[in-house]
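Chemist: Protein chains in written order, with the numbering used here: chain A, 1 to 338; chain B, 1 to 292.
Read the hints as simulated data drawn from the structure, not as lab findings. Glycine residues also receive a C-beta, built at the ideal position from the N, C-alpha and C atoms. A couple of the hints might just be wrong.
What the hints assert, rightly or not - Chain B residues, not near chain A, derived (Cβ > 12 Å throughout):
id	residue
1	89
2	115
3	142
To be verified - Sample of chain A residues at the chain B side, in silico, Cβ under 10 Å:
id	residue
4	183
5	236
6	280
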Amino acid sequence: MTRYLTQRVLLAIGVVAGVVVLTFLIARIVPGDPAVAWSGPHAPASEIAQVRRQLGLDRPVWVQIGKYFEGVFTGNWGTSIHTHRPVLSDLRKAVPASLELVIAALLIAVAIGVPLGLLSAAKRDRPVDQAVRVGSILGVSMPLFWMALIFQMVFFQKLHVLPVTGEYDPNVAFAHPLRTYTGMPVIDALITGNWPMLESSLSHLIMPAVVVAAYPAGVIARMVRASVLDTLGETHVQMVRALGFSERSVFARFAMKLAWSPVATVIALVFAYSLVNTFLVESIFDWPGLGNYAAASIASLDTPAITGVTLFIAIVYVVANLAVDVTQVLLDPRIKLQ
Amino acid sequence: MTETVLSAPSRSSLIWRRVRENPLVAAGGAVAVVIVVVAILAPLLAPYPADAGSATHPLSVLLPPSASHWFGTDQVGRDIFSRVVYGARVSPLIAFFVILISCAVGIPLGLAAGFFGGFIDEAIMRVTDVFLAFPALLLALAFASVLPPSLTSTTLAITIAWWPWYTRLIRGQAASVAARPYVESCRALGISRMRIIFRHILPNAVTPLIVQISLDVGGVILTASALSFLGLGAQDPTPDWGLMVSQGQSYFTTQWWLVTFPGLAILITALGFNMLGDGLRDILDPRRTVRI
Numbered sequence: 001m002t003r004y005l006t007q008r009v010l011l012a013i014g015v016v017a018g019v020v021v022l023t024f025l026i027a028r029i030v031p032g033d034p035a036v037a038w039s040g041p042h043a044p045a046s047e048i049a050q051v052r053r054q055l056g057l058d059r060p061v062w063v064q065i066g067k068y069f070e071g072v073f074t075g076n077w078g079t080s081i082h083t084h085r086p087v088l089s090d091l092r093k094a095v096p097a098s099l100e101l102v103i104a105a106l107l108i109a110v111a112i113g114v115p116l117g118l119l120s121a122a123k124r125d126r127p128v129d130q131a132v133r134v135g136s137i138l139g140v141s142m143p144l145f146w147m148a149l150i151f152q153m154v155f156f157q158k159l160h161v162l163p164v165t166g167e168y169d170p171n172v173a174f175a176h177p178l179r180t181y182t183g184m185p186v187i188d189a190l191i192t193g194n195w196p197m198l199e200s201s202l203s204h205l206i207m208p209a210v211v212v213a214a215y216p217a218g219v220i221a222r223m224v225r226a227s228v229l230d231t232l233g234e235t236h237v238q239m240v241r242a243l244g245f246s247e248r249s250v251f252a253r254f255a256m257k258l259a260w261s262p263v264a265t266v267i268a269l270v271f272a273y274s275l276v277n278t279f280l281v282e283s284i285f286d287w288p289g290l291g292n293y294a295a296a297s298i299a300s301l302d303t304p305a306i307t308g309v310t311l312f313i314a315i316v317y318v319v320a321n322l323a324v325d326v327t328q329v330l331l332d333p334r335i336k337l338q
Numbered sequence: 001m002t003e004t005v006l007s008a009p010s011r012s013s014l015i016w017r018r019v020r021e022n023p024l025v026a027a028g029g030a031v032a033v034v035i036v037v038v039a040i041l042a043p044l045l046a047p048y049p050a051d052a053g054s055a056t057h058p059l060s061v062l063l064p065p066s067a068s069h070w071f072g073t074d075q076v077g078r079d080i081f082s083r084v085v086y087g088a089r090v091s092p093l094i095a096f097f098v099i100l101i102s103c104a105v106g107i108p109l110g111l112a113a114g115f116f117g118g119f120i121d122e123a124i125m126r127v128t129d130v131f132l133a134f135p136a137l138l139l140a141l142a143f144a145s146v147l148p149p150s151l152t153s154t155t156l157a158i159t160i161a162w163w164p165w166y167t168r169l170i171r172g173q174a175a176s177v178a179a180r181p182y183v184e185s186c187r188a189l190g191i192s193r194m195r196i197i198f199r200h201i202l203p204n205a206v207t208p209l210i211v212q213i214s215l216d217v218g219g220v221i222l223t224a225s226a227l228s229f230l231g232l233g234a235q236d237p238t239p240d241w242g243l244m245v246s247q248g249q250s251y252f253t254t255q256w257w258l259v260t261f262p263g264l265a266i267l268i269t270a271l272g273f274n275m276l277g278d279g280l281r282d283i284l285d286p287r288r289t290v291r292i
C-alpha cells in the first residue's frame with residue numbers, strides 16, 4: 001500500500017509541474033511583446049529593452065520557466081495589472097467567499113442529489129426514475145449565468161423574497177459589525193453569535209448557492225443511481241437476495257453501503273468544477289470571490305491574475321483527486337490491485 | 001419473460017428496439033434533429049434574416065414579444081426570434097468543429113499509446129494527464145483569454161481542453177483489445193500493424209466513441225456559450241446565444257425577453273444532446289459509469 005501511495009503522490013507532483021509549465025505557456029501566448037504591453041504603447045525602445053531585461057525576457061525560455069517555477073513555489077505569483085497587488089494575496093482574499101459559496105452549493109447538491117439518486121435506482125425504469133433522470137440531465141445542461149439572471153428576475157424583482165447581490169446587507173453590517181475569523185460571513189456570524197448578520201448573510205447566500213448547486217446536484221444524482229444499480233448486480237448482493245432478505249433491506253443495508261465510494265469521488269471532482277462555475281455566477285451576484293476576480297481579470301486582460309487563478313484551481317483539482325484516491329485506498333485495500 | 005425466442009434477433013434490431021423503448025433517446029434525438037434542421041433552414045424560418053447580422057432598427061428598439069416579433073426585439077431593434085434561429089448555426093457548429101478536431105488529434109494519439117505501450121504510452125499519457133488536471137471550462141477560459149476574441153479562438157481554446165478525453169478513452173479501448181489473444185495471433189500471422197489497428201482495434205472503440213461524442217456536444221455548447229457570455233467568444237453582430245444573454249443583461253430588469261429566449265435555446269439544445277448521449281450510453285454501453 002505504501003508503494004502505491006508513494007507512486008500516486010509522485011505522479012501528482014509530476015502533474016503539478018506540468019500544470020505550472022502549461023500556465024507559463026498560456027501567459028506567453030499573449031499576442032504582442034509582453035515588454036511592450038508592460039511599458040505602454042509610447043515607450044521608447046531603450047525603456048522597452050530595459051523592461052525586457054527586468055522581466056527576464058531576454059534570457060532563454062528554460063531559464064524563464066525556471067524563474068517561473070521558483071516564483072510559484074516561493075509564493076511570488078506575479079503582480080496583477082488590474083489591482084496592482086500581488087496575485088497570491090488577491091487570491092487569498094477571494095478564496096473564503098468562493099469557498100463559502102461552493103461548500104453551501106455542495107451541501108445543497110448532496111441534500112438533493114443523493115435522495116433523488118436512491119429513489120431513481122429503487123424505482124428503475126418507472127416514471128419516477130425517468131423524471132429524476134431528466135431532472136439530473138437538466139442540472140448538468142443548465143447555462144448557469146442564465147439561471148442566475150432568471151433567479152434574480154423571479155425571486156428579487158417579481159417576488160421580492162431574496163436580496164439581489166452581495167454577501168450581506170451593508171446596513172446590517174454597520175449596525176452589527178462582524179468580526180472576521182474565517183472570512184466567510186455565515187460561519188463568522190455563527191461562531192460570534194451575531195444573529196442579524198447570520199440572517200442577512202444566509203439570505204444572500206441562498207440564490208447563488210442554489211445556482212451553483214444545479215450542476216453538482218445533477219452529477220451526484222446520476223452517480224448515485226448508476227452506482228447503486230451497479231452494486232445491486234454484484235454477486236454478494238445477489239447472494240443476500242437469494243438468502244431471502246427483503247428487497248428493502250438488500251437495498252438499504254448492502255447495496256447503498258458499497259455505492260458510497262464512487263459518490264465520494266464524484267463529490268471531490270465536482271468541487272473543482274463548481275469553483276470554475278463560480279466564474280459565471282459570482283459577477284452576476286457581485287459575490288467577492290475567485291469567480292468575480294477571474295471575470296474582472298478576463299475583462300481587463302490581466303494575464304498574471306488569469307494564470308494565477310488557473311494555476312490555483314488546477315492545483316486544488318489535483319490535490320482533491322489525490323485526496324480521494326488516498327482515502328479510498330485507506331478505506332478499501334482492494335483498490336490498489338486494480 | 002413469457003415470450004419464446006425462436007431465433008436470435010439481429011444486433012441492429014435489438015438496438016432499434018431499445019431505442020424505441022428509451023424515452024430519453026427519443027426525446028433527445030428529436031431535439032437534436034430539430035436543432036440541425038433549424039440551423040440548415042434558418043434563412044427560411046427567420047422572419048427577418050437581415051436581423052441576424054448588423055441591421056439596426058432605431059424605431060423598434062426593445063419591443064416586447066408580439067405577433068410580429070415573437071420573442072421581442074433587442075437594444076438595437078433586431079428581431080430576437082430571428083437571431084435565436086440563426087444562433088443554431090453558431091455554437092452547435094463550434095461543437096461540431098471542436099469534436100471533429102479533438103477526434104482527429106485525440107484518436108491517433110490514443111491508438112498509438114494503447115497499441116504500442118511502453119515509452120510512447122508513458123509520454124503521451126503523462127502529457128494528457130497535465131491537460132486533464134484542469135476542469136475543461138477553466139483551461140478553455142485561460143486560453144481564450146489570451147487569444148483575440150473570435151469564433152476561431154473559441155473553437156481552438158475549447159479543442160485544447162477537449163482532445164485529451166478522446167486520447168484517454170481510445171487508449172483504454174486500444175490497450176484492452178491489443179492484449180486479447182486474437183490480436184496476439186494476428187501479430188503472429190504477420191498481419192501489418194496498420195491493418196490490426198484499422199480492422200480490429202478501431203471498430204471495437206466505435207461504440208464508446210459515439211456515446212462520448214453525443215455527450216460532449218452539450219458540454220461544448222455550454223462551454224462556448226460561457227466563453228461568449230464572458231466576452232471571450234463571438235462578438236457582435238454574431239447571433240450567438242451566450243453573447244445575446246450577456247448583452248441583454250443590462251436590460252433584464254425591465255426587458256426580460258432579451259435574456260430569457262437565447263438562454264432557453266442554450267438550455268434546450270444542451271438538454272437534448274445530453275439526453276441523447278445519456279440514453280445512447282444506456283443502450284450501447286450499459287456498463288460505463290458517469291463521467292463529469
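Chemist: Each hint needs a verdict: does it hold in this structure or not?
Modeler: Now the hints, each set against the structure:
With a least beta-carbon separation of about 18 Å from chain A, residue 89 (chain B) lies farther than 12 Å from that chain, consistent with its non-interface assignment. No Cβ of chain A comes within 12 Å of the Cβ of residue 115 (chain B); the nearest lies about 22 Å off, and the non-interface call holds. With a closest Cβ-Cβ approach of about 4 Å to chain A, residue 142 (chain B) is found to fall inside the 12 Å limit, against its non-interface label. Taking 10 Å as the C-beta contact cut-off toward chain B, the hint placing residue 183 (chain A) at the interface is violated, the least distance being around 23 Å.
Restraint check, residue 236 (chain A) versus chain B: the minimum CB separation of about 18 Å is more than 10 Å; hint violated. Restraint check, residue 280 (chain A) versus chain B: the minimum CB separation of about 6 Å is within 10 Å; hint holds.
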